[in-house]
Each structure stands twice: as C-alpha cells, then as structure tokens.
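Chains as they are written, first to last, in our numbering: chain A, 1 to 504; chain B, 1 to 160.
Each hint should be verified, as a subset may be incorrect.
[As the list claims (entries may be wrong)] The calculated lysine to any residue pairs, modelled on SDA-like cross-linking and capped at a C-alpha distance of 25 Å, are: (1) A:LYS229 - B:GLY56; (2) A:LYS50 - A:ARG161; (3) A:LYS229 - B:LYS129; (4) A:LYS50 - B:ALA82; (5) B:LYS129 - A:GLN63.
The hints are simulated quantities; they were obtained by calculation from the structure and are not laboratory data.
Since the model is a prediction, treat every value here as computed from it, not as a measurement.
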Amino acid sequence: MKQNSLTTRPMPSARRAITLVESVISIMLVGVLMVSALDTVGAARLGQLKTGDRREGGFLAAQLMAEILEKEYREPGSKAASLGRDSGESGSTRTLYDDVDDYHLWSASPPQDAAGVVIPGMTGWSRYVTVDWVLLSDPQVIQGGNTDLKRITVAVEHDNRVVAKLVALKSAGLPPPDGSPVLLFVATNPGSPTAQESARIAIIESWNYAVTTIAASAPQSEFDNAVSKAVVAYVSEEIDAVNLSTKLYGATIGVVNEDAYMVREFGFSDGVLFYDPLTTVDITNNAHDITKSFAIGKLTVCTSSQPLVYLGPLGAPGRTGLATLSTNKDALYVVETGAGLSAGTAAGRRVQLPWGFDPFDFNSLTADALTIMKESIAWASGTSAGGAAGCGDATCGAGEDACNCPGDCGLPAATEIADVTCGDGLDNDCDAATDCADGDCDDDAACIAATLCGNTVCDDDEDCNSCSQDCSSVKTGDPSGWYCCGDGTLAPAEGDETICDGNP
Amino acid sequence: MSTININRNGADGRVPITRRRRGLSYVMFLGSATVVMVIGLSGLAAARVQRRAAEGGRDVTNARLVAYSAVERAFALIAADANWRTAVAGVAIADQWVGDCATGVTVTILDNANGDPTDDPAYITGAAKCGTARHKMRVTVVPDRGGLIISPGSWTQVPY
C-alpha cells in the first residue's frame, strides 16, 4: 500500500505552479501579439475606409468637374473680366450657371445636386471649387486678369480632410469665325495672288468682308462648296476667263464681275463686247442702290485713261443699265435674281462693272469708282442699307439664314435631328457641317445608307484599307480618311509625312 | 516481485494532466494571436490592393482630364497668336504641369495641297501622364470664315 501510494503521488516538479517569470513572459508575449494583430486589423480597416473615401470623393469631384466643363468660358454676351457669379445667379442652386467662373468659390456641405437638393448619405462631406486665370505659358501661375485660360480646381473633403482633387483648364476657345459676310474672291492663284488682286482684296476687307479666295481653275465641286459658305462672289479682271468658264453661272449668291471676257459665261451678252479708253462714265440711273450717291451725268472713275468696257446690242434682256460710256453703250448694269439673261435667267443677283479689259490698273480707280464697287458688292450680297435683303432689317431675305443673320432668321437649332432635318440640305445648327456630314446625323437612316462603302464618297469612317474604291488618294473629308491610313507604309501619295502612316 | 517504474513524468510516462492543459493554453493564446494577425495582414494587403486600384482609377480620370486641358491650352495659344501656323504648329509646346500631372501638346498642320496654306486643317494632340496612367487625345480644327472650328466628331483618343 505504501508503495502504491508512492506510484500515484505526483512528483514535486509536476505539482509545481508556473513561476511568476513564466506568467509575465507569457502575458507580455501574448499581449504584444494581440496588440500587433489588432493594430494590423485596425490599419487594414482604416485603409479600406480611406480608399472608400477617395473613391467616393473621386466620383463627387468628377461629377462636378464634368458639369463645369460643359459651361462657357465666360458669361455669354459679356466681355467683363471678373470671376464669380453674375447677376441673377445664386449660390444655392447651380441651374442658372452658364460659365465656368460662376462656380468660383462655390462650396456646399453636404454636397448638393445642380438643383440644390442635398445628396443623401453624404453628411460630413463637402465640395468646393476655385477658378483662376492662369498663364498660357505656365498653367501653374495664377494671374490677376483675363488670360483666355482658366484653371478649375474641384476639391472634395470628408471630415475636414481632402480626399479628392481634380484640376482642368478651360480656354476662351479657338479664334471664332468672322461674323462678317463672306466674299468669295476668284483669283488666278490663291496661294500667291497678284499685286492687282491683293489691292482688291485689301480694299474689300476694309469694307468688313471676310474674304476667302478660290482659284479660277478649281473644279466645280470646290466652287459649289465655296459658294455655299459665301454671300457674294467677286471676279477680278486678272483671271483667265477660260479657267473660270461657267462655274459661277448657276450660283445662287450674288456675283460682281469685272472681267470683260466673262460676259458671255454669265449670260450678260452673246459674246460681243467693246471697250473705249476713257476716264469717265455717264450715270444714267441713280435710283438704284449702287448709283444713288451720284448725280445723273458724267462721273470720273479713273485717274488715267483706262480701257472701259461696254456691252453689245444683244445683251441680257433682263438687265438694268446704270451707267454708259455713251448712248446705248451699257457699261454698268445689274441683273436681278430671276431676270432674263441672254439664255435663261439669273440664279442670283449679278453686277457687271465698267472696268475689266486687260490691261487695267486697279490703282487708277477714283474714290467714286470704289464707291460703285463697294455698293455693287453690297447690293449683290443683299447687305446694302437700302437693299431688300439686308441683315438686320427684320426680314430673313435672300442670302440670309440662321447662321449668318440670326437676328433676322432666328437662332439656329442646337443640333441636326436624325430622320428629320438631316436631308433638308441646310446646316441647321451652323456648325459648318450639313446634313450627313454632321455627326448629329450619324443615326439618320438615309445617312447610314449614304455612307456605305461603294458610294464613291470617302466617308469619315472609311479609309483606303476599309474601302479602297471610295478612298484611294482622296484628300477631302476627315483627314483620318486620307490616303491609306493604317497600312503601315508611307505611301508616295502621303506626301508630306504629316498624315497617316508617316504621322508619328 | 513487481517492478515499479518511477520517473519524473509520472508512473506511466505521460505528462500529468494539469501540466499538459497549462501548455495547451499557451498554444491557444499564441494561435489565436497568430490567426488574428494573419487576418489583419490579409486585410492590410487587400486594402493596399484596393487603394492601388482606386489610385489607378483616379489617375486615369486625371489623365483624361489633363489631356483635354492640354488641348484647351493649345486653343488659347492659337487664339493668342495670329501667326500660330508658324509659331505654334510643328513644334511640341513645352511640357507643363496641371495639378499633379505632366502634360504636353503638339499642333500638326495637314497640307491639303491646294496651294493655300491658310485653309489647311490641323491636328491638336494633347498628352498627359498622371501617376501610372497615360492618356492622349486628338482633335481636328479646320479654318472657317477667318477663324477656326472643331471638325465635328473629331475628338478621339490616340495611342500614347
């Protein structure tokens, strides 16, 4: 029994409790591990929250920035150089904001939509915007006055900590198209006009016309395109009549002609013309806008004797004579739209000036002659003060539309409308793209059919690879459709290496 | 004669029950702490991945915005210089910073070979680098009545 009790009795070491040192070490070890573990979990959770904040903040900033960039650079109709809200715009709603600097120093906490309604679940969040003028050469540098470049900064805060920030630039835009009426000047070589042509162009531009030039030898399609953008065409004596031929005969805009050799092509006569070396003409009709400034009788038009032209007896039956060289020698005459020509009727207003027989020195014209020239262009374009179709007369007359005279014809449409206005032949939204050429008409059924490969037109979405029969070496339309873009080879036709496969 | 085997661990060689339980408690504490730590480290790694993904998305948004801004800046430079076809076109406009992003812009004239350089269209290409994101966009501008207009539908992203 005694021995048995010895075998079941625990050894003294087994019975011994853990020492104090062991306990302390264990507690410290476990404590350190637990603290580290909980810190790690906490850091991970905090990181997730911060990431969520940044993502949420990024959405809020991007949404507001997109809204701001849709706005104009400056208050429409105003040239005031100031930042901030304009008259009638409030800080509580953004629905009336129409330019980017209306948002300057705007802030809201919690964030609101454009109508001023608080976005739910956004307590503790705020958004604010600053808009500054910055240097064109360095957008980091803020300027005190207008530089035509604004920097927009949108920041989003959560619990007073910036979680997202976006920066963008907005410019005053490209040089705007000239609001002046466009005059199409027919020249021998637009890239290098003669001194006589340059003298005419300078005078015409001084009368506030936007002059575009076209070569007399340009194809009919280029003339048709140019005519569609102009209100009047001017043909100088310098051109070769053989090159121009009848390309402007059917133009529905006004045409003012100098060149004596063009009288048959315009239908003013059967081809017979004469000239006399003179300095004067006889004003025979001063009831017309072109000659209303002059008295009936002789008028000096040249400072030196020049070959002045008059018409033979078989001229256009619908012409109205304004000045002669002598009896029955019509030298200055007009044909109203629809009036009879030697064959057919005039598609637009026509004027034949008394000078235009080669050689003629344009610089010899007197001030009175230049007045005749100016009033002839104005009458032909329909912009003469007393004309029936001047812009600003509250009547949308010939040559006017919503693009060149919105005051008379009404504001243009915001866009072309697929299947509605995409086939009316008009540039309804005045973006220089008519019907199917306008991206607004991409969904128009007729336009889709018209852009199919094989329609002989190199459309915007075609190139030499996708539609070689339409696009081989074509240089019209969108530049991306020129030549053989995308074949990896600099073809000879790709010319100056700035396009297609030569493009870096 | 029976032999009794007596050793330090006990009569049958096994660890006494109280001592074994005491060791188990250490293991359980250490194991729990390790599991918590592994979970924490995993969460930390996941958070880092999420953060990088969010930053990547933010960089992409920024790059797109700043590339657009570069083109806007080119518009302003062109409008400010009547001789932009020689002064601005054909050269890379000096890189600048917009926000935290580096930008650059180039203007390329497209000769339509009609002999009139004033009616040639031009490409404006803006590029941006924001963090790891890159973005480049291009627009075509065409002369119109003495000014310039953006060719409709010509805004496009191009390879960086």
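Assess, step by step, whether the Cα of LYS229 of chain A is no farther than 25 Å from the Cα of LYS129 of chain B, and give holds or violated.
-> It is violated: about 41 Å lies between the C-alpha atoms, which goes past 25 Å.
If you draw a straight line from the CA of LYS229 of chain A to the CA of GLY56 of chain B, is it 25 Å or shorter?
-> Answer violated: LYS229 of chain A to GLY56 of chain B is near 47 Å, above 25 Å.
Does the structure keep LYS50 of chain A and ARG161 of chain A at a Cα separation of 25 Å or less?
-> Distance of about 10 Å is within 25 Å: holds.
Assess, step by step, whether the Cα of LYS50 of chain A is no farther than 25 Å from the Cα of ALA82 of chain B, and give holds or violated.
-> The given pair, whose Cα atoms are some 49 Å apart, is violated under the 25 Å limit.
Would you mind confirming whether the straight-line C-alpha gap from LYS129 of chain B to GLN63 of chain A stays at or under 25 Å?
-> holds (21 Å)
Violated hints, listed in ascending order, are 1, 3, 4; each of the other numbered hints is respected by the structure.
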